[in-house]
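The listed protein sequences correspond, in order, to chains L and U.
Taken in order, the first sequence gives residues 1 to 416; the numbers are from the UniProt record's numbering.
Taken in order, the second sequence gives residues 1 to 416; the numbers are from the UniProt record's numbering.
There may be inaccurate statements among the hints.
Copies of the same chain look alike in the list, so a pair counts if it fits in one copy or across any two.
Unchecked claim - The calculated lysine to aspartate or glutamate pairs, modelled on DMTMM-like cross-linking and capped at a C-alpha distance of 20 Å, are:
#1 K312 with E354
#2 K145 with E5
#3 K244 with D78
#4 K42 with E58
Rather than coming from a laboratory, the hints here were simulated on the basis of the structure.
Just so it is clear, the structure is predicted and the values come from calculations on it, not from any experiment.
Number of protein chains: 2
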Amino acid sequence: MITREQCLYWDQEDELKKFKDEFALPEGVIYLDGNSLGARPKKSLAVAQHIISQEWGEDLINSWNKADWWGLPTRLGDKVAKLIGAEQGEVVISDSTTLNLFKVLSAAVKIQAEKFPERKIIIAEKDAFPTDIYIIEGFIDLIQKGYQVELIDGVEGLARALEKDVAVVVLSHVNYRTGYFYDMSSINEQIHSKEALVIWDLCHSVGAVSMDLNQSGSDFAIGCTYKYLNGGPGSPAMLWVNEKHRDQFWQPLSGWWSHKKPFDMAQHYEPANSIRRYLCGTQPIISMSLIECGVDIFLHADMQKIREKSLKLTDLFIQLVQQECSEFGFELITPLEHKYRGSHVSYRHEFGYEIIQALIARGVIGDYREPGVLRFGITPLYLGFEDIWNAVQHLKETMLNSEWKNKRYLVRGEVT
Amino acid sequence: MITREQCLYWDQEDELKKFKDEFALPEGVIYLDGNSLGARPKKSLAVAQHIISQEWGEDLINSWNKADWWGLPTRLGDKVAKLIGAEQGEVVISDSTTLNLFKVLSAAVKIQAEKFPERKIIIAEKDAFPTDIYIIEGFIDLIQKGYQVELIDGVEGLARALEKDVAVVVLSHVNYRTGYFYDMSSINEQIHSKEALVIWDLCHSVGAVSMDLNQSGSDFAIGCTYKYLNGGPGSPAMLWVNEKHRDQFWQPLSGWWSHKKPFDMAQHYEPANSIRRYLCGTQPIISMSLIECGVDIFLHADMQKIREKSLKLTDLFIQLVQQECSEFGFELITPLEHKYRGSHVSYRHEFGYEIIQALIARGVIGDYREPGVLRFGITPLYLGFEDIWNAVQHLKETMLNSEWKNKRYLVRGEVT
């Protein structure tokens, strides 16, 4: 039996607990949705005020140089690089995850088309966050070269599909719904043994798990900054390219920010010989600048320790739901084995949507994903062990009181 | 002879002068670069504080519905529509101008490919802001269907080029360098008489000149919000599609925000039957929200009156440079005829770069564009007639004192 006292003790012993103070969280709320929209770093308000009043208002156009707005994509990219096992100069922050997928997919397909022109299959996952599939479909429909998207189901599906003429594989490092966490190194090996290339979608893993993109031999990676990295709503996304692929081809979203000499106003495109060739047009400076507030907190913590605490907290959540709520029919869909678990825990329940709404009314904010999935994001920098205890107690009371039966709920319409 | 007193009188009589108070401008600065980065609406600071503290910090994920973050692209699009002669539901705000050009170019090329498969020429302007050319080149290089970009020079060049197999024409409504302003209706007629389609880049015209996209029979338009519309550095861009083209094809940057039923998490893409099909992925909410501050000021003014004052101010600037600075060798490259003049005035001068730097040192902020172009943006909502008088006096003194000869200047590197 785990007790509240045990949780309080773990909180006392927690090396990361001081970081909670860096975040502004509403009173009386247990926020289990940082895997959808990360909490607000306190510093973000003062930073935004400075950018708006001083950099925009006072320094105006001069801020492109003076505040190095122009350098933000790589300056922030270099910071994120440290969290994902990438080198300096290998990462940019830019645009959105979806757009960044289009860029790296185009590059990956071009590389493969030269070596293996007969390979026309792009693998994606049935259970991927759908925008990945949609952008592959958009790409295929645009270039009209006979490419096909093949949707697979899990690791076994991948093995079977790789027997065919596969050019590129797009995988979610951590699945947005189930929390399933791929073993990057062994999957890369499997894909490379068939001479396919891999694009990792890190949306639900960057800032949530430790990884090493270079050491694992990955090819491309994209991911968002507004979930675990706490960059702010819709903050621009990250993009990493293995150095060996980087300068091989243009990516087709070849705007002037990716030009070799953007200020020469040359009449023809020539891509920068650096990761900047994966940029496109002018970036939303205010939204982009705020990313630094969240990422800087991570750089003061330690990704390994964050991962350790994440596993302790998700273990605790799973054990407590088992201990306190076993009679209510929650079916765990997140892997028990640490090796395959990201940093959120999901359950299937017939009345998942209604239960999530009832929990939110109690100040426990998780979210719902079709079909029937209750999703609880565990963010070690601003959640403690007692928070998990309290969250599960709320869940128990919600079920005991059948609160979810009595509510009238909003039309479904939330955002990943 | 125009006198300072005359300018002061015009300021007194100016119906729009009250709007200057809506903007935060630095003390002692005459800002003639609002065509590059618009000045800061005072309201933007409080709005940002609210979004960051309340919507992000307190309401968290709930803000997607409660603050209607999800609806921002169309809500803001509907406001911008009123400034460009578009209907409600015809405009979205999203991504960057460059990315939006890729979207509408793909759509335009697809429409034409069905009707006129032999047409493989995409016309752009030699003197366009280069990102337009670069993205066309990226598109052509990606789809590999034999398309070619043909760069034209001015209206005569357009007429000649239209004799060939032209699919699509991309034109800057107001040229970023010279300030040349196309007559949209007659150009549309000319292009349509050859059954080509037109994409208007409104970057230097939206908020600067009056226009009517529907009445003039335009096909597509894109443009940025951080220049005349004062949306903030790199704020997301606008996109308009003529209703007759809108639902004909997917655009290939088909992210989940453009899906018919984005929250169903469907496994295949189906585009929304609305202008939302031109969205892609998650938008930078803070940068996007601030656009409203600038656009709302325009909605309280009147685009026709703004245009009238713009012409008075640019006339005054040109006359005063002629009157006060005729001996210094400035060559006007902006059209004298109102019909062909946007809202900035440009001169060529051998030492253009150095003169601009010397002016900036005096607090008169214009900008420099290769080759040898001094560019002065005239923004009627926060500039008055005396400002123009003073700016030209500074220019005169800079030249009389040869101040530009004595300066050590920064490496060139500013942003459009």
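*asked:* If the cut is 20 Å between Cα atoms, do K312 and E354 qualify within a copy, between copies, both or neither?
replied: Answer is neither: 28 Å inside a copy and 62 Å across each miss the 20 Å cutoff.
*Could you place K145 and E5 in one of the four classes (within, between, both, neither) given a Cα distance threshold of 20 Å?*
neither (62 Å within a copy, 69 Å between copies)
*Is it within, between, both, or neither for K42 and E58, if the alpha carbons may be no more than 20 Å apart?*
For K42 and E58, the Cα distance is within 20 Å only across copies (12 Å; inside one copy 24 Å).
*Between copies, within a copy, both or neither: which fits K244 and D78 at Cα up to 20 Å?*
Within one copy only: 18 Å inside a chain, 45 Å across chains, cut-off 20 Å.
Comparing the model with each numbered hint stated earlier shows that hints 1 and 2 do not hold.
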